[in-house]
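J.: Okay, here's what each chain looks like letter by letter:
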Amino acid sequence: MSGLKEYLGDRVKVLTSDGRLFIGLLEGYDQNMNIVLTKSEELIFSMDKPTIRKNTSGILIRGDDIVSVGMIDEDLEKSVEYNKIFATNLKTTKRSFKIK
Amino acid sequence: MLFFSFFKTLVDQEITVELKNDIQIVGTLLSVDQYLNLKLDNIQVDTEKYPQFLALKSIFLRGTNIRYIHLNPSTVDTNLLQDASRREAMASAGEKIAGR
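Taken in order, these protein sequences are the chains called G and S. Heads up, the first sequence is in full-length UniProt numbering, so the first residue is 1 and it goes up one at a time. Heads up, the second sequence is in full-length UniProt numbering, so the first residue is 1 and it goes up one at a time.
Chain G with its partners taken away, still in its complex shape (with noise of 0.2 Å):
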């Protein structure tokens, strides 16, 4: 479980079978990848209203529910107008082919 190491300290979105994502810095992580973030925030995506983001303060993630962690580009985030954006949520990773 190296994999998070070199990504300690830094801002990371963090992608949830749910379809969630939360931003936040990387405080620590386990074995079982549960996650701590720190100044963290949970950004909600619509199609009616723009992004909207919901401050969380901080945050444990279950290892279980993690779809992702990505390493955030500080000035490409800056760059993006989250205001602006309009998109639907994210589908559950859960029973991923069951036909509703």
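One should not assume that every hint holds.
Pulled a few chain S residues facing chain G out of the computed Cβ check, cut under 10 Å [claimed, not checked]: (1) Ser31; (2) Val32; (3) Tyr35; (4) Leu38; (5) Glu48.
These aren't lab readings, by the way, just hints derived from the structure by calculation. Just so you know, even glycine gets a beta-carbon here, dropped at the ideal spot from N, CA and C.
Take the given structure of chain G and dock chain S to it, following the hints.
T.: Positioned in the frame of chain G, the structure of chain S alone reads:
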């Protein structure tokens, strides 16, 4: 362990990963671990559709959420892979007999 070794031979190659939430990510394979968690660099995602991936360059993907990995045929030595899988099957059959 076979696929772990196999993916280690693909490091530095460009691959396409399809997640269980239907998102496709193209990127250069940086590293892989025993759980087949992947690290990709220089990723390309359809950020129009999935702004969640904006401003990300390097990403860590949890193996359990990966559905497919698309490979370039020229990067796969099928004969070597067949050989290796036979050897692994033989070895594990041997272990079962020895373990009785």
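J.: For a quick check of understanding: which of the numbered hints are violated here, in increasing order?
T.: none
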